[in-house]
Amino acid sequence: MVRLVFWRLARTGLAVWALASAVFLLSHRDASAALLLAAPTAFDLGATHTAATPAQQLAAQRAVQQRLGLDRPLFYLSRNANPRIGRVQWHWNGRRNQYHRWAAGLLHGDWGTSFRTGQAVPARLRAALAYTLPLTGAAAVLAVLAALALAQRLAAAPWWQQPLRVLLTAVHALPLFVVALALLLVFANPEVVAWFPAYGLDQSPEVEASAWGHLATYLLHLVLPVAALTLTAMPELALQLDAALARELRTGYATTARAKGLAEPAVIRHHALRNALLPTIAQVTELLPALVAGAVVVEVVFALPGMGRLLAEAAAARDYPVLVGGVLLTGAARLLALLLADLLYFWADPRIRWQS
Amino acid sequence: MLIFSCTSNPNKSDSIRIRWVHDPETLDPMLLPNQAAFDANNLLNISLLQADVLTKELAPALAEALPAIQLVGDSLMKLGYRIKPAAAWDTGRPVLASDVEFTLKLMFCPGLSNEVARNQYRFIRAVLADARDPRRFALVCQGQAIEYQKASGEFFVLSEAALDPRGQLRRFALADLQNRPAAAPPDSALQALARRYVAATTGHISSQLPGCGPYRLVAWEKDRYLTFQRKPHWWADQLRPVPFVLQARPRLLRYVIIPDAATATLALRRGDLDVYPQMPAHEFARLQASPAARASLSFYSTPSYDVVTAGFNTRHPALADAATRRALSRCFDAAGLLRATQLGAGQRSTGVISPADSLNYNDSLALLPFDPPGAAWLLRQAGWQRAGQADSGWFRSAGLHGGRQQLRLVLRYRADESLFATIALQFQATAAGIGIPVILQPTESGAFTMALRTGDFDMYVRVLKGNPFMFNFTPVLHSSSVGISNSTGFSTPASDRLIEAITTADTRVHRARLLRQFQALMQQEAPLVPLFFLPNRIAADRRLRGLHASSLKPGYSAATLERGPSSSPTP
Amino acid sequence: MAILTFAPLSWAQKLALLWLGLVVLAAGLAPVLPLPYRPGVPDLAHLAQAPFGPGRHWLGTDPQGRDVLSVLVFGARTAMLLTLPAAVMAGLLGAAAGGAAGYWGNTTRLAAPWWLLGVGSTWWALRLPVPLLGLVVAALGLGLTLATRLYRRPVPAWPVPINAVVMGAATTLDTIPRLVLVVALAASTAVSQPVLLALLTLTSWPYPARLVRAQMLRVRALPFIEAARAAGVPAGQIWLRHALPQALQPLRTTLPLSIAGLLALESTLSFLGIGLPPDVASWGRLLATAREEPTAWWIFLFPSILLIISMLSLNALGRQRRILG
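Chains as they are written, first to last, in my numbering: chain A, 1 to 356; chain B, 357 to 927; chain C, 928 to 1252.
Some clues are possibly wrong.
Residues on chain B that point at chain A, a partial pick, calculated with CB under 7 Å [claimed, not checked]: (1) T382; (2) S469; (3) E471; (4) N475; (5) K578; (6) R809; (7) D812.
SDA-like mimics (lysine to any residue), calculated; alpha carbons at most 20 Å apart, straight line [claimed, not checked]: (8) K578/B / Y218/A; (9) K941/C / I1232/C; (10) K587/B / L565/B; (11) K506/B / A482/B; (12) K578/B / A123/A; (13) K578/B / G112/A; (14) K821/B / A712/B; (15) K434/B / F479/B; (16) K821/B / K909/B; (17) K941/C / R1179/C; (18) K260/A / H270/A; (19) K821/B / N390/B; (20) K578/B / H378/B; (21) K578/B / E313/A; (22) K434/B / V496/B; (23) K909/B / P725/B; (24) K909/B / A850/B; (25) K578/B / L129/A; (26) K412/B / M826/B; (27) K941/C / A170/A; (28) K578/B / A617/B; (29) K821/B / R704/B; (30) K578/B / A130/A; (31) K821/B / L36/A; (32) K434/B / R488/B; (33) K909/B / F655/B; (34) K578/B / L222/A; (35) K578/B / L133/A; (36) K578/B / A127/A.
For the record, the hints were derived by calculation from the structure and aren't laboratory data.
We put the beta carbon where it would ideally sit given N, CA and C, even for glycine.
Looking at chain A on its own, in the form it has when it is part of the complex:
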């Protein structure tokens, strides 16, 4: 078992590295856009009173290229299409290339600095994670718990089974931004009810307040975003689990358990649930990378800082070091999630254990 986990971890690490490399190479191929956005040319009227000559513009561009480290070749090998002889040629660049520098830096713990702000990438990621994790973590836990509770109750076929299923499907049909905007416009609107604040995490941080006061303010600000995330994540989990439970309850062993005189809730809890959880495990572990990647829509609507906005803005501004760092982080979380899923499968279904 330990050996197996070790091998999986080793493979996991390799996959993350390959993935980050792929993103690094793919994004840096498009480096001209990053250059353009880092040294904006005057597309506007009268932005500059002295237009630089083309030579000066070129010099400025080269300076930016050098500053951002984009002046070197991208990889050990480069492929140049040579139109003169009409053939593709391969060229060996040696160790003086962007990829080598990035990889070597990463091995020494240097994730690079942001193109836009000049700050170290880990500092930016850490700051964003500090806001993202409580938000998405709370939403994920709530969604999973709610889904478990709802699905178990639904499986017992109460009178509200059908209406609740309809309601869950209806909520699931709505995109996240619709749910978030609806919550905002209902619960933070002075024209309807203004129970919750509309944006941010606290409106007046310089006001002196006790630690409890700060905590209360913080929680109050999180209510609507967490509710929006939970509402959109929960129906899928609940419906899937509900369907799996219904299937399990029709199987032979459930009938046997019932024949032994077990009450329906006990059949569900002790017999059907464990088997029905199998597909749900995939979904739950799926949530883990989403926790790290943040929720850009909710962050935009409720004006919260976080990974989602950081990565979306980095992509828009072609801030590749931040983007690659974010991918590395998300990738690590994703692969960890897969590992977790496999371990949970082992736990949930002995037959798989026996097979491997």
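Mind docking chains B and C on chain A? Use the hints.
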């Protein structure tokens, strides 16, 4: 219900909260990548001249007066400045000519991200210090343009004592740094200086550059807010009277970052926000119509210098002739679009110069009509022929190279702005009516910039930002900028000559005559179709005084804001 | 043996069928329906107009002045031609890949000559250095294959890591934030309907693949599979006829949900400004424009109702269909 009692109360602090859409990303005074960064630096630093929103003119800030112009020979210009004697850094040291010289040299210090500043201030070739008065100096400029008088004073002056206490940059002359080849061996003093500067601009806020502006940055939570605190003792407080550009009233200014417009409107309604600049037209109209909002908010609308423009890619053979471009520009229903999207505010224009600028605006030109039949007629004049079937479009023979050209257009615009989508849809529908197929390509903003640069479009729609001070069309329409910032690729010898003449015009009247000529030429050639100037809408807490809504960016004056007496909290 | 049998339709299912039929009909007949406005033509006189206002906009207009009713009708067409095929294709692709990965794991083997053929042709196709070498290797592989066919000699076989390849590809696709993928794509090509279809399919197959694989891990341990194996049924046949139908079970509920997810993704793309061009009508983008005009309830309400009813219908049909093994 305990926690509900903690919901914010608008008068808990006396800070004034202003909405920003984005984080300024960096407060490096030489980089200034966006308006937010510029506004923030305006609070922290002072430049020689600063825009006065009351007069819409540049007014002396650090300088005592506008510089005295002295022409030297036929290609040089000397601008004589004197810094206000009261001006001082926080340490009590006076602001001197040496600080100005240091700032200009820093722009050319290798290893810094100062490429934009370099290109902008390259025209200042030397700083001549005055031996008798350390506050007096002259800037020697290459070329003789009346704009230099104002352009020469727009950079933020940095403290030499804080960044280069040992005066190591004094070893270099400004021209040496400007002409320093990229391959020159690295100089340890310059490297150390660059490191200090980078540390000061990217590090923690406690290590920020000390500016001579009225505010200190006390908090910066990325993507959340920036808080600026008024310095208790600031040098300009001694001036009598305090000039408008040096007024700084609010004790605490907080810029909050709210990306979503609907959220920001709610925050404004609830009193969690005091000033909402650049408000979308429909939100603005809706709030104005609501009695509850009218009771607590005031509304301002001023014309801006931003013009919504469509551009043609004149490098494409089908769009290379002015007649075709003129025909297509008649397919824009500018009046209808203005009415529909700006709800009556804003102003149509014949050219890229604002109609509000009565001196330079060419009022003898006629506005472009919305006239699809006329467009079809003009197309025929330009040699196009409608093919036999109804839907197959327009063709013409392509002259020398033979073959047939077809009139098919790809229209690009930035996808994140719905105004452009409305314009594009209107154009597409009208063009389809006269048989021109138009493909719409909403493009992500980074890719859009790239497409403009590489000419990957037939037409585009975008906002062209302008200001009332500078009239230099070289970057946008001159042949030397083709492939860089002249995205239409348009140039003719006549227009090049005119653009050069405008930049070197020696009097305002002469320049105005040239500008009017230029507008007529542009309407004739039609590389750009100016649709209308956007209005600048601000909604603010009713109790705020001193907002001074203006056409100049950012559209209001943050440093003169004051809460009315009715709401001032007990100290 | 697996057959699909239909239980008699309940009234809910009849309603669901009726509704979906209506949507398909509207999608098919959209160009000939007597709508007062075309979907891509803005009515500048009536922007963000409430329903039943002036100008015959029965369901109002959006902030661009497009008629909501015609956007809804033509949006059904887009959904038919884009979202539904994307969901089905993603489901099929995911089922095949995940089913194979779950059933065979990393254990299946392929004879060495086939390997040579594959590697050689890939080498040549990618134009790696000395492309001729690839051709030579491929030819060698082909020759060996033929030779082994003729002489019936046992040749060394190397394992094909199906599981590793499928799961690796799925992980890679899942890990790159979708936004980055889309931005990269939008930067290189224009987003049109076929491109978006490919993009949606490509980014959404890993999820069904995971579900099917998880189920397949369970199914292949079931007694009847063992029995079939013992009876000497070829592996491919067991997989296709017996194991796969069982392993597809979780997809029955997720397929309708994935259609909802794709509609949401399409509208989120519009929200981020990388969606379909504005002259292509879509329910998702109509919803996304609600952001510009939050008080315009009709932009919010009508597409939401359509989405919800369609989802409920798909669900009602998906839930009751029995697959009997």
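Under the criterion that the straight-line Cα-Cα distance not exceed 20 Å, is the pair K578/B, G112/A satisfied?
-> It holds: about 19 Å lies between the C-alpha atoms, which stays within 20 Å.
Per-residue hint verdict: D812/B, partner chain A, C-beta under 7 Å | Nearest chain A Cβ about 12 Å off; hint violated.
If you draw a straight line from the CA of K578/B to the CA of L129/A, is it 20 Å or shorter?
-> Holds, at roughly 12 Å.
Has the given pair, K821/B with N390/B, been kept, meaning a C-alpha gap of at most 20 Å?
-> 13 Å, holds
Proposed interface contact between S469/B and chain A, which counts if any beta carbon pair is under 7 Å = At 6 Å from the nearest chain A Cβ, S469/B passes the 7 Å test, so the hint holds.
For the pair we were handed, K506/B and A482/B, check the Cα-Cα distance against 20 Å.
-> Holds - the C-alpha atoms of A482/B and K506/B are around 17 Å apart, at most 20 Å.
Measure nothing beyond the straight line between the CA atoms of K578/B and L222/A; if it is 20 Å or shorter, mark the hint as holding.
-> Distance ~18 Å between K578/B and L222/A Cα, so the pair holds.
Double-check N475/B for me: the hint is only fine if its C-beta lies closer than 7 Å to a C-beta in chain A.
-> 4 Å, holds
Under the criterion of a CB-CB separation shorter than 7 Å, is E471/B in contact with chain A as hinted?
-> 4 Å, holds
Taking 20 Å as the top limit, are the C-alpha atoms of K909/B and F655/B close enough?
-> 17 Å, holds
Does the structure keep K412/B and M826/B at a Cα separation of 20 Å or less?
-> 12 Å, holds
Measure nothing beyond the straight line between the CA atoms of K578/B and A617/B; if it is 20 Å or shorter, mark the hint as holding.
-> 19 Å, holds
Hints 7, 23 and 24, counting from the list given before, are not met by this structure.
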